[in-house]
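Participant: Sequence:
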Amino acid sequence: MSAGETTAMLAALDSSIKARKPIVVTLWHPHWTYSHYHLKDPQDAMGKGEQLHAIGRSSFGADFPALGKITNNLTLTDDQLGSLEDMSQQAPRGQEMAAAGKWADHSWSTRHSPASDGSRGPLSSR
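The opening position of the sequence shown corresponds to residue 8 in this note's numbering, with each subsequent residue numbered one higher.
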């Protein structure tokens, strides 16, 4: 193992996967590489995924009620966040927002259809 930047680590991961050679990398949950490379942790060596929390000013919901309702109800699983990040990472430079919009459109269209785990899409109301 050697220390290095994330970009170099991800390049080494990509090369190793393409060459079907073993590699050890330091990743965290959530991270887009899990979705992109279909990585698994079958022995739960990494433990459970971390949690991300957003904070904002107390008057945000009053100033922007529609957006406040969405942000209050937004929940993403580790897989959902990974797929969103992966789409954004794979988009051409300058097209990241369009990729995120495409992801959201897909998620919105499936919100009335239960996911395989029985949950609703990430943009559904609680």
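It is possible that some hints are incorrect.
[Unchecked claim] Label-pair restraints from in silico Cβ distances:
id	residue 1	residue 2	range
1	A73	K28	41 to 51 Å
2	D21	L59	33 to 43 Å
3	I24	A98	41 to 51 Å
[Unchecked claim] Straight-line alpha carbon distances no greater than 25 Å define the calculated DSS-like cross-link-like pairs of lysine-lysine that follow:
id	residue 1	residue 2
4	K47	K76
5	K25	K47
6	K109	K76
Just so you know, the hints here were simulated from the structure itself, not pulled from any lab data.
Using N, Cα and C, we set each Cβ at its ideal position, and we do this for glycine too.
Participant: Decide, hint by hint, whether the structure agrees.
Facilitator: Comparing the hints with the structure gives:
1. Separated by about 50 Å at the C-beta atoms, A73 and K28 satisfy the suggested range of 41 to 51 Å.
2. The hinted window of 33 to 43 Å between D21 and L59 is violated, with their beta carbons roughly 25 Å apart.
3. At roughly 21 Å, the beta-carbon separation of I24 and A98 lies outside the given 41 to 51 Å, and the hint is violated.
4. Distance restraint check for K47 and K76: the Cα-Cα separation of roughly 34 Å exceeds the 25 Å cut-off, and the hinted pair is therefore not satisfied.
5. With a CA separation close to 16 Å, the supplied pair K25 and K47 stays within the 25 Å bound.
6. Between K109 and K76 the alpha-carbon distance is near 21 Å, which keeps this suggested pair within the 25 Å criterion.
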